[in-house]
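**Student:** In case you want the letters, here they are:
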Amino acid sequence: TGGHTTEILRLLSCLSESYSPRHYVFADSDKMSEAKICSFEQKRAETFSNSQFTLDRIPRSREVRQSWTSSVVTTVYSILYSLPLTYKLKPDLILCNGPGTCVPVCISALLLGLLGIKRAIIVYVESICRVETLSLSGKILYYFSDYFIVQWPDLKKKYPKSVYLGRIV
Amino acid sequence: FRFKESLAEDLRRADLVISHAGAGSCLETLEEGKPLIVVINEKLMNNHQLELAKQLHRDGHVFCCNCSTLVETLQSMDLSTLKPFPPGQPEKFALFLDKVFGF
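Residue numbers (this note's numbering), protein chains in the order written: chain P, 40 to 208; chain D, 14 to 116.
To be clear, the hints were calculated from the coordinates, so they are not data collected in a lab.
Careful, some of the hints might be misleading.
Listed below are the simulated DSS-like cross-link pairs for lysine-lysine, each with C-alpha atoms no more than 27 Å apart in a straight line [as the list claims (entries may be wrong)]:
1) D:47 x P:178
2) D:112 x P:129
3) P:195 x D:105
4) D:67 x P:178
5) D:96 x D:112
6) P:195 x D:96
7) D:67 x P:200
8) D:96 x P:75
9) P:200 x D:17
10) P:157 x D:56
11) D:47 x P:196
12) D:56 x P:75
13) D:112 x P:195
14) P:196 x D:105
15) D:47 x P:200
16) P:178 x D:96
17) D:17 x P:82
18) D:56 x P:178
19) D:17 x P:157
20) P:196 x D:17
21) P:129 x P:157
22) P:197 x D:17
23) P:196 x P:129
24) D:67 x D:56
25) P:195 x D:67
26) P:75 x D:105
27) P:197 x D:47
28) D:67 x P:82
29) D:17 x P:70
30) D:96 x P:82
31) D:112 x D:47
32) P:157 x D:112
Values in this document were obtained by computation on a predicted structure and should not be read as measured data.
Given these sequences and hints, build the entire structure.
**Tutor:** Below is the structure:
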């Protein structure tokens, strides 16, 4: 969604073409991200001729401030939906930055890893908005990601296993 | 207007921006190098949205106030005390990731 998409595109801005093809996964309720992504990829294609990307939508796992019990139901539904997608894409790297959408995809990837089908490296970058506390996705993925990146020193202190590179968006 | 696709044009022409504490609004404004007053309404906002506004204020990049103190802030502010906001460095992220994958 919105801010998350802007942040992730900035993160991608300096990556080489080794990180290709790029598969963007976002919530079906998200109206604006597709345009931002296409615009980013169009610009990128001007420099890198063989640039490849795909777009996939999954059901949003949780609305802001949705209740706990209904969140579990919708998240499970999103996981069931993203499992075949993740299986199809078999990513080497999953880069995510916080919307609830990323949790089902990461959980799917973890399951595929446990089953010996495909082991993806999960890199989570917490949003620049998070100065003192982690988002809910962050709290969950702190334990399940391979690399957990924070953008403010307070968070590095509170979450010592995280990586602090300063502001990167 | 209620909603525009992009405020970039308006931002570029502005001399001063008064905004709510949304992260996108704050960061876009600071990146354009415009002075910013962040108006905080604790009742309406998600708690976490305040974190960034508070930090930016602590670091001297923005002025903060609430609805009732806005006028006073406008009257007494000294824009020269605001510190410039250096851009983020996605290159550092790229370097980090390259190391992870051995590129």
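**Student:** Between residue 112 of chain D and residue 129 of chain P, does the CA-CA distance stay at or below 27 Å?
**Tutor:** With Cα atoms ~21 Å apart, residue 112 of chain D and residue 129 of chain P stay inside 27 Å; holds.
**Student:** Given the proposed pairing of residue 75 of chain P with residue 105 of chain D, does the C-alpha separation stay at or below 27 Å?
**Tutor:** holds, 23 Å
**Student:** Is residue 112 of chain D within 27 Å of residue 195 of chain P, Cα to Cα?
**Tutor:** holds, 20 Å
**Student:** Are the Cα atoms of residue 17 of chain D and residue 157 of chain P separated by 27 Å or less?
**Tutor:** Given that 27 Å is the threshold and the Cα spacing comes to 43 Å, the pair is violated.
**Student:** Checking one constraint from the list: CA of residue 195 of chain P to CA of residue 105 of chain D, max 27 Å. Satisfied?
**Tutor:** holds, 16 Å
**Student:** Please verify whether residue 67 of chain D and residue 82 of chain P have alpha carbons no more than 27 Å apart.
**Tutor:** violated, 35 Å
**Student:** Decide if the proposed pair is consistent with the structure: residue 56 of chain D and residue 75 of chain P, CA atoms, cutoff 27 Å inclusive.
**Tutor:** Violated - the C-alpha atoms of residue 75 of chain P and residue 56 of chain D are around 32 Å apart, more than 27 Å.
**Student:** Run the distance test for residue 195 of chain P versus residue 67 of chain D: straight-line Cα separation, threshold 27 Å.
**Tutor:** holds, 18 Å
**Student:** Sort out whether residue 178 of chain P lies within 27 Å of residue 56 of chain D, counting only the CA atoms.
**Tutor:** Measuring from Cα to Cα gives roughly 25 Å; hence the hint holds.
**Student:** Within a Cα-Cα threshold of 27 Å, do residue 47 of chain D and residue 200 of chain P meet the stated pairing?
**Tutor:** violated, 36 Å
**Student:** Given the hint that residue 196 of chain P pairs with residue 17 of chain D, test it: the Cα-Cα distance must not exceed 27 Å.
**Tutor:** Violated: residue 196 of chain P and residue 17 of chain D sit about 39 Å apart, past 27 Å.
**Student:** With a cut-off of 27 Å on the C-alpha distance, tell me whether residue 157 of chain P and residue 112 of chain D pass.
**Tutor:** OK: residue 157 of chain P and residue 112 of chain D at ~21 Å, within 27 Å.
Going down the numbered hints, you'll see the structure goes against 1, 5, 8, 9, 10, 11, 12, 15, 16, 19, 20, 22, 23, 27, 28, 30 and 31, while the others check out.
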